[in-house]
Amino acid sequence: MSRYLGLAAILVLALIAPFFVYSVTLMTILVFVIFASSFNLLLGYAGLLSFGQAMFFGTAAYITGHILKTTGVSLEIALIGGTLVGAVMGFLVGLVAVRRSGIQFAMITFAMAQFIYFLLLQSEFTGGEDGMQRIPRTEIFGVIDLSDNFAFYYFVLAVTVLSIAFFYRVVHSPFGEVLKAIRDNEPRVESLGFKPDRYKLVAMTLSAGMAGLAGGLKATVFQFATLTDVSWHISGEVIFMTLLGGLGTLTGPMVGAGIVIGLNDHLAQFGEWALISQGVILLAVILFFRRGVVGELGAFVRRFKAGGRK
Amino acid sequence: MFDGISIQLLMGQLLIGLINGSFYAMLSMGLAIIFGLMHVVNFAHGAQYMLGAFIAWLLLYTLGINYWGALFIAPVIVAAFGIVMERLVLKPIHHLDHLYGLLATYAVTLIVEGLIRQQYGSSGLPYSSPIPGGVNLGFMFLPWYRLWVVLFSFAMCLGTWYLIEHTKLGSYLRAANENPEIVESFGINVPRMITLTYAFGVGLAGLSGVLAAPIYQVSPSMGSSLMIVIFAVVVIGGMGSIMGAILTGYLLGVLEGLTKVFYPEGANLVIFVIMILALILRPQGLFSKKEGA
Numbered sequence: 001m002s003r004y005l006g007l008a009a010i011l012v013l014a015l016i017a018p019f020f021v022y023s024v025t026l027m028t029i030l031v032f033v034i035f036a037s038s039f040n041l042l043l044g045y046a047g048l049l050s051f052g053q054a055m056f057f058g059t060a061a062y063i064t065g066h067i068l069k070t071t072g073v074s075l076e077i078a079l080i081g082g083t084l085v086g087a088v089m090g091f092l093v094g095l096v097a098v099r100r101s102g103i104q105f106a107m108i109t110f111a112m113a114q115f116i117y118f119l120l121l122q123s124e125f126t127g128g129e130d131g132m133q134r135i136p137r138t139e140i141f142g143v144i145d146l147s148d149n150f151a152f153y154y155f156v157l158a159v160t161v162l163s164i165a166f167f168y169r170v171v172h173s174p175f176g177e178v179l180k181a182i183r184d185n186e187p188r189v190e191s192l193g194f195k196p197d198r199y200k201l202v203a204m205t206l207s208a209g210m211a212g213l214a215g216g217l218k219a220t221v222f223q224f225a226t227l228t229d230v231s232w233h234i235s236g237e238v239i240f241m242t243l244l245g246g247l248g249t250l251t252g253p254m255v256g257a258g259i260v261i262g263l264n265d266h267l268a269q270f271g272e273w274a275l276i277s278q279g280v281i282l283l284a285v286i287l288f289f290r291r292g293v294v295g296e297l298g299a300f301v302r303r304f305k306a307g308g309r310k
Numbered sequence: 311m312f313d314g315i316s317i318q319l320l321m322g323q324l325l326i327g328l329i330n331g332s333f334y335a336m337l338s339m340g341l342a343i344i345f346g347l348m349h350v351v352n353f354a355h356g357a358q359y360m361l362g363a364f365i366a367w368l369l370l371y372t373l374g375i376n377y378w379g380a381l382f383i384a385p386v387i388v389a390a391f392g393i394v395m396e397r398l399v400l401k402p403i404h405h406l407d408h409l410y411g412l413l414a415t416y417a418v419t420l421i422v423e424g425l426i427r428q429q430y431g432s433s434g435l436p437y438s439s440p441i442p443g444g445v446n447l448g449f450m451f452l453p454w455y456r457l458w459v460v461l462f463s464f465a466m467c468l469g470t471w472y473l474i475e476h477t478k479l480g481s482y483l484r485a486a487n488e489n490p491e492i493v494e495s496f497g498i499n500v501p502r503m504i505t506l507t508y509a510f511g512v513g514l515a516g517l518s519g520v521l522a523a524p525i526y527q528v529s530p531s532m533g534s535s536l537m538i539v540i541f542a543v544v545v546i547g548g549m550g551s552i553m554g555a556i557l558t559g560y561l562l563g564v565l566e567g568l569t570k571v572f573y574p575e576g577a578n579l580v581i582f583v584i585m586i587l588a589l590i591l592r593p594q595g596l597f598s599k600k601e602g603a
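Protein chains in written order, with my numbering: chain A, 1 to 310; chain B, 311 to 603.
If you are wondering where the hints come from, they were derived from the structure by calculation, not from laboratory data. Check before you lean on any hint, since a few could be wrong.
[As the list claims (entries may be wrong)] If you only want the chain A side, here are some residues facing chain B, beta carbon under 8 angstroms, derived:
(1) Arg100
(2) Phe110
(3) Phe118
(4) Pro136
(5) Ile140
(6) Ile144
(7) Gly236
(8) Gln278
(9) Val280
[To be verified] Facing chain B, from chain A, some residues (calculated, C-beta under 8 angstroms):
(10) Ile103
(11) Met107
(12) Ile108
(13) Ala111
(14) Phe115
(15) Val178
(16) Leu267
(17) Gln269
(18) Gly271
(19) Glu272
(20) Trp273
(21) Leu275
(22) Leu282
(23) Leu283
(24) Leu287
For every residue, glycine included, the Cβ atom is placed at its ideal position computed from N, Cα and C.
Sequences are here, hints too, so could you generate the full structure?
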């Protein structure tokens, strides 16, 4: 019960937030909520550390932008296009990357992301170093005009809520249970007759598709796409968000994205200190608070309740 | 010879490939040594390499200690940093999933690179060659310093390989890699050995950084851009083997150089293409004997 109350409270907060906070900042948070959740699906539930999640995010940002610039289709079609491209990429990268277990998966995705980075840098349609500018924000379903940021926020919020519901369904499905089992004990799952590589490949495809959706949204929110979106700094940032918020929890990436985007906003004026503090906080999380904000809070509440009952 | 490709260009790129390959070999060897004993992918390897170069630069411009002094002092300082890092960061999480080791060293990289960039800016700092001049071979000009780097790093790789594969000390190391409990029961202090091995690997990265200072510009991001290639090299060679890391490093450096001659557009893609091909054709790694090492 308290769980639903909590979710309802978050939803009400999200609905009234743009009256108090700059809507572009809020949309950035929502985009990264989806993006961090896609990363969390891999590491938190399948035990796969994707160190190149930005390749799906950034490529989809370019693809969505390119579709909008060249065809003028309605916004949701372009977003679906970006999502599909992300998913196909995830499938292809997965085909290669799940061949190596554990830690090497991280190194392969890291290197693959750089490969994609160079490819996009040399492609004509991306605009190279300059990036892709002036991406039009077309009407949704061909009729609803959302060129105003305030109105567009509610569209992004709706997509985010649907995405979270999607992640919830995946994690709580039989498929999600097998993923968790693979994370905890792969040989045992294999001995039960499952093929772990296939499950990992599907997880990779779903995760990359959702990262692609986040990238497409990002391109329509800011109306530009650049090489930064594909760089390993973004891959690292999404790792930071998820670990800080709480790995393997659905709310963790949401909290993490909120904190990190807020932090970046405030630290932007201090130059390098933003990155340095990210490193320090990440290190502290790894050494002392591996459950992240959500996990530690949950543990605290449980301890408090247990103490109250005595 | 191919039409339109001069021997000068070919030999010049081959030399650059060999130099780059030397750094790939030294760094991926260090990574393989650390991974072999600790199962930690040392993401900070690039930052430690950069530290080596920076310390060399600082020694020269603040204390007036020249290159040859730095060649000894900088690796020792970087190794000391490695000892502190192992004790404070890696040891407490050694019992956890090894992914945490990678993430923790990534966090250290953010801190170290950020601090250096904050202090010295992100542009490259010049470090002049300690052995100016060179020899004209008729078909190309060979700077002495580059020859020195190729020979010295080759000797370092060979020496380290010999130390680990053919000496008693190395046999302890390999044994502790297989079964730390049994080695411990023979009275060998395995935790100290782990610390020293990490320091050794990190010191090698620092030494590579000093070697690199006169060739590449000394800049905060010199390490992380190299790390991406090193990861690919290690994936191609397989994580298990030291000789595999060395050979793959040289091979890829030279292949990259050749690509610059024959297909310049693909020069920064070739290593990744080879990685993908290697993963498809030989998933266990070129030089790896067992799966999933």
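We went through each hint and held it up to the structure:
1. Arg100: 7 angstroms, holds
2. Phe110: At about 5 angstroms, which falls below the 8 angstroms cut-off, the nearest Cβ of chain B leaves the hint on Phe110 (chain A) intact, so it holds.
3. Phe118: With a closest approach of 5 angstroms, the Phe118 (chain A) hint holds.
4. Pro136: 31 angstroms, violated
5. Ile140: Hint violated; Ile140 (chain A) Cβ to chain B Cβ min 38 angstroms, cut 8 angstroms.
6. Ile144: Check failed: Cβ of Ile144 (chain A) comes no nearer than 42 angstroms to chain B, outside 8 angstroms.
7. Gly236: Result: holds, 7 angstroms to nearest chain B Cβ.
8. Gln278: Hint on Gln278 (chain A): holds, closest Cβ of chain B at ~6 angstroms, below 8 angstroms.
9. Val280: This hint holds: Val280 (chain A) lies near chain B, its Cβ roughly 6 angstroms from the closest one there, short of 8 angstroms.
10. Ile103: 5 angstroms, holds
11. Met107: Holds, about 4 angstroms.
12. Ile108: 6 angstroms, holds
13. Ala111: 4 angstroms, holds
14. Phe115: 4 angstroms, holds
15. Val178: Violated: closest Cβ of chain B sits about 19 angstroms from Val178 (chain A), beyond 8 angstroms.
16. Leu267: Where the cut-off is 8 angstroms and the nearest Cβ of chain B is about 11 angstroms from Leu267 (chain A), the hint is violated.
17. Gln269: Result: violated, 14 angstroms to nearest chain B Cβ.
18. Gly271: Holds. Min distance 7 angstroms.
19. Glu272: 4 angstroms, holds
20. Trp273: 7 angstroms, holds
21. Leu275: Since chain B brings a Cβ to about 4 angstroms from Leu275 (chain A), closer than 8 angstroms, the hint holds.
22. Leu282: Holds. Min distance 4 angstroms.
23. Leu283: 4 angstroms, holds
24. Leu287: Since chain B brings a Cβ to about 6 angstroms from Leu287 (chain A), closer than 8 angstroms, the hint holds.
Checked against the numbered hints above, the structure violates hints 4, 5, 6, 15, 16 and 17; every other hint is satisfied.
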